[in-house]
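Line by line, the protein sequences are chains A and B.
All residue numbers for the first sequence refer to my numbering, where the first residue is 33 and numbers rise by one.
All residue numbers for the second sequence refer to my numbering, where the first residue is 573 and numbers rise by one.
Bear in mind the hints are in silico, worked out from the structure with no lab data behind them.
Please read all numbers here as calculations on a predicted model, not as lab measurements.
Backbone N, C-alpha and C define an ideal beta-carbon position, used for all residues, glycine too.
Watch out, some of these pointers could steer you wrong.
Claimed, not checked - Ranges of calculated distance between the beta carbons of each label pair, as one might list FRET restraints:
hint, chain 1, residue 1, chain 2, residue 2, range
1, A, 70, B, 688, 29 to 39 Å
2, A, 141, B, 618, 20 to 30 Å
3, A, 111, B, 633, 44 to 54 Å
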Amino acid sequence: EAQVTQNPRYLITVTGKKLTVTCSQNMNHEYMSWYRQDPGLGLRQIYYSMNVEVTDKGDVPEGYKVSRKEKRNFPLILESPSPNQTSLYFCASSFDYHNQPQHFGDGTRLSIL
Amino acid sequence: GENVEQHPSTLSVQEGDSAVIKCTYSDSASNYFPWYKQELGKRPQLIIDIRSNVGEKKDQRIAVTLNKTAKHFSLHITETQPEDSAVYFCAASRLFDNTGRRALTFGSGTRLQVQP
Chain A
33 EAQVTQNPRY LITVTGKKLT VTCSQNMNHE YMSWYRQDPG LGLRQIYYSM
83 NVEVTDKGDV PEGYKVSRKE KRNFPLILES PSPNQTSLYF CASSFDYHNQ
133 PQHFGDGTRL SIL
Chain B
573 GENVEQHPST LSVQEGDSAV IKCTYSDSAS NYFPWYKQEL GKRPQLIIDI
623 RSNVGEKKDQ RIAVTLNKTA KHFSLHITET QPEDSAVYFC AASRLFDNTG
673 RRALTFGSGT RLQVQP
C-alpha cells in the first residue's frame with residue numbers, strides 16, 4: 033500500500049530536549065515536504081526537498097532542521113524545542129515537484145511544555 | 573514570496589445547496605492551484621487541482637475556476653451533502669519553473685458545515 037508514514041503520532045516533551053520526527057514514503061517519490069498546522073493559519077511549509085541531498089527552506093524554517101540522505105526518508109529535527117513549536121505536523125511527498133498531488137502522512141501532534 | 577488569502581473562514585449551508593470558497597494569490601508566476609479537504613482528525617487530501625492554462629475544471633459535484641488576471645480562484649461544491657463537511661484548503665505554487673523557490677503556500681482554510 034502506497035503511504036507516507038510519520039512517527040511518532042503524538043509526543044509530549046519539554047523545552048530544550050532534542051527530538052526527531054521521522055517520515056518515510058514507499059512510493060519512490062522525489063519531492064518531500066514538512067508542514068505545520070496551527071488554528072487559523074492553515075498549513076505552513078517548514079522545509080522541502082527536491083531529491084536526495086537537496087533541501088530548502090519553506091515559509092517557517094526557524095528552529096527546525098531536516099536531512100535527506102535517502103530518497104524514502106525525510107526526518108524533521110527540533111534541536112532545542114520551544115513551546116511555540118507546539119503544533120500538528122504533516123509530512124508529504126509527491127512523485128516530483130512538477131507532478132502533484134502531494135500525499136500526506138497522518139500527522140504528528142507535538143506538545144512542548 | 574507567495575501569499576494566499578482564503579474566504580470565508582467558516583461557511584454553513586443547507587444540504588443540497590451550493591458552497592463557494594474563494595482564494596486570492598499574490599505571485600503572478602504561480603501556475604498550480606490545488607484544493608485539499610481535511611476531515612476532522614484526518615490528513616489533508618487533494619480533491620481537485622487546476623493549472624494556469626485552464627480556466628475551469630469539473631469533477632462531478634466539484635468545480636474550480638481560475639481568473640489569472642485578477643489572481644483569484646474558487647472552489648464550487650454543488651448539491652452539498654453532510655459528508656462534505658470538513659475544512660477545505662486552497663494552495664498555490666509554481667510548476668515548470670526553474671527560478672524561484674519551489675514551495676506550496678496554503679490558505680488559512682474554510683470550515684464548511686453542511687446542515688442536514
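Taking the hints in turn, this is what the structure says about them:
For residue 70(A) paired with residue 688(B), a C-beta distance near 30 Å keeps the hint of 29 to 39 Å intact. Here the CB-CB span from residue 141(A) to residue 618(B) is close to 22 Å, well matched to the stated 20 to 30 Å. Distance hint check: the CB atoms of residue 111(A) and residue 633(B) are about 46 Å apart, consistent with the given range 44 to 54 Å.
Hint check: no violations occur; every hint is consistent with the structure.
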